[in-house]
Amino acid sequence: MSAGDETPRASAADKIAPIVELRGIRKSFGDLEVLCGIDLEIFSGEHVVIFGPSGSGKSTVLRSINLLEPPTSGSLKVAGTEYGPGLPGERVTRRGKALDLRRTVGMVFQQFNLFPHLTALDNVALPLRSVRGLKRADAQLKSAEALRRVGLLQRAGHYPQQLSGGQQQRVAIARALALDPEVMLFDEPTSALDPELVGEVLKTMREVAEAGMTMVVVTHELGFAREIGDLNVFMEDGVVVESGPRGFFENCTSARAREFILAVR
Amino acid sequence: MYDWGLIWDNHSALLNGLLVALEVSLCAVVISIAGGLLLAIMRMSRPPISYIAVVYINVFRGVPALVSVIWVYFGVSLLLGVDFSVFQAGVIALSLLYSAFMAEIFRSALSAVPAGHREAGQALGMRPIRVFFSVILPQAIKIALPNIGSMYIGMVKDTSTFTVIGLLEVVRVTQNVVSQTFQPFVLYTAAAAIYVLAAFVIDLVFRLIENGYASPPSGAMARALRSRKRRRIKQLMADLGS
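If you're matching them up, the sequences are chains L and X in order. 1 is the number of the first residue of the first sequence in the numbering used here; add one for each residue after it. 1 is the number of the first residue of the second sequence in the numbering used here; add one for each residue after it.
Bear in mind the hints are in silico, worked out from the structure with no lab data behind them. Treat each hint with caution, since some may be false.
[Unchecked claim] Cβ-Cβ distance ranges computed for the label pairs, FRET-style:
(1) R226/X to E250/L: 49 to 57 Å
(2) Q161/L to N58/X: 36 to 44 Å
(3) E210/L to S227/X: 57 to 65 Å
Glycine residues also receive a C-beta, built at the ideal position from the N, C-alpha and C atoms.
Chain X extracted, bound-state conformation (with noise of 0.2 Å):
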């Protein structure tokens, strides 16, 4: 009674949803991350500023991502007439709602660096800007790091929900197919097999990048990445060590 062969049937159908919802959450991490670390500064700013920061958070981490792609898709639309694609919509539901999630990842992260390393960028004489970007960001960013790869698991199970607007991702293709064969456990477990699949390999991605950045940079990836500078550290004690 269970057709499992439906799986295979369907599967290029499967894995261009999964396709879809990797490219949403994928271009929606990105714009997060930049929202999330903008609203993370303004949050640790003076008063007026923070305050805009803190009610975007608050408002946004309470909207549920089924409700802001409607919102984003038909209600924009309706206020200013602009139409966004479904892809379009996706992605600013996300980034709206997860900018919000980052903002407080940024925030705790930022603070966790320790203030003597600021500190010692003043005392070196360096700008306040180039302190930011060249000693806090890089370790602040290593101690967000773990939190962003789930926040990015996150944001591709919310693609589900934009199968309201008919996106093309995992949960409509199988919605459509179950229409048409009307086994709905097979399919949904296999909707389910390849969320988790994802999340897999979205966690296996971040370890090579948080491994990335340890200190000293560990795992294959990253020495070989790191190689070129290590010869020239060689070079250097090679020239003045004689």
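With the rest of the complex left out, here is chain L (with noise of 0.2 Å):
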């Protein structure tokens, strides 16, 4: 899919299944519901943008997608497997595990969470042993060449406090992308950047969507999200207000949606 298709979303896929399925995904801690029933498709090389005031919910989604944050009821597919505990009233039929949903699922976090006592090499490299099984000399090969996509093979040596933080969460991105996931969920990547390092994440990123990684993005950057949203996904109060395609940030129509798209801009 070319990032200026203009066809409408579901009609080139309208045959091939959601790579990622959610429906109605409900989350609760306690008294209070934080998801009250989230449908979502997004489909394979697609770049889903999620946005929306603070306590809206979005990350909870996007963590319910590797299972990081259990839904409560509702039932999630990913690359044919059935997740969660299901629909109320559903007949549960077999369900994946958590362990092979993340090795299918990359994740992007915030905070970076690279691992402070591992060499960048090493950070990317660990999962590749633990997860793929991989020797060391080929996972650090394999490693070396993740940083190298990320541009930060130079920095290979360098322990994550010796980094930017643009530089962390990129290598932090080069560690997810390494082990081959069909989507990769970010989760305000950006959000703990120093202004000035937001770009060269940003620009990462782009290359990794220009590469046909399937995407969902959380974020508070919407020029960004409009530059790469197939499908954008506006959210409050553990609902989607609205969602739309490309040009959904001129054509949104809920007034909620518009109000905070020119309160962030």
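Both chains are given apart, each in its own frame, so use the hints to dock them into the complex.
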């Protein structure tokens, strides 16, 4: 799917099953319901942007896609396998394991979460060894390639605290990409960065998008969202208020979404 | 009236005492690090298991070393008919007590590792056991090291109470010499100096270990140990960079 594709998003994919499908995802913490039934279909190669005010549940949606936040009810289907507790009254068929799900879905965090006791190279190599079972030398070679892809091969021997925030986030992206995930989740990847470092991370993400990776991005960077979003989802109070394809930021109809877009810009 | 020459005359006996003290406490520190880690994990688990750890920790943190070693050396042989050597009894008594302290050190160190690192490991598809050993534990050990060093110094000092079961450590040696020479002031001063000296050396050793755990590792020794790794990274950069 080319970046400038103007066709409505579903038409090209009508016959193909979505790679990620959320049906009636609900999540409660005690009495507080933070997700009140989320439905979302994401097709292979699509770039989905989720945005909305703080506390709207956008990060929780993202974290439910790799079951870091297991839904209270609802069904999640990723690459053909069902996960989650299922819809109320639904007969629960075979459910996949969270471990297998996480091996097909990569994630990048707001706080980078690099392992501080390992070099950039070993941060990438550790999961390659323990998840993919690669030998040390193979894992290091593949890690070096992943670091080169994000332009940080020269920093391979540096520890996280010797890297800038932007560099740390790019290593985190390389670490997730090295495992060849089918979907990449980005949880506010630039929110913890100094303003002048945001650009390099967005550039890396743009490259990942252009390479055809399926991406779900929670972000406040609406300029970037406008640029890559094949599907744009505006959330508030645990529900999807409005969603739409390219041009959403100009054409959205709900008053709340318009108000938010104006306020953030 | 003070015969300071006695210290030199008995220096080999005194240093042998120190060696025994260090041996007992070294065995015990290794056991209590393992035991403490296990207890900390139990303490952070679900209720039935965590209660066992809580009871253990609170009981053994409260028992003095002197009481503990008498109980192990005489009590266990009465109860179970197992006769421990004085060395074994010392190691067991210290391990029982200090496992409880180590448990609390490890509990605070494990909780000090940011939750995001566990999440990152999970999100990468690593098994929980792998996340624990490759991500959480190395960071927790780094946090715990200064406290483990203090504990070790405490353990060496606590071996002085094992004089009651006849372990030939520093205080026992001192007492033996005093009983022949009647120079307690001189000899106990020597004993004190030996403990202080040991504490300095232990502190130094732990600083070296801490440097090795720093990221990046600092100090000449740590750098030497990691030089192979640096060369490997340089090699990879050269292979791919050009």
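Check: Hint by hint, which ones does this structure get wrong, listed from lowest number up?
Finding: 3
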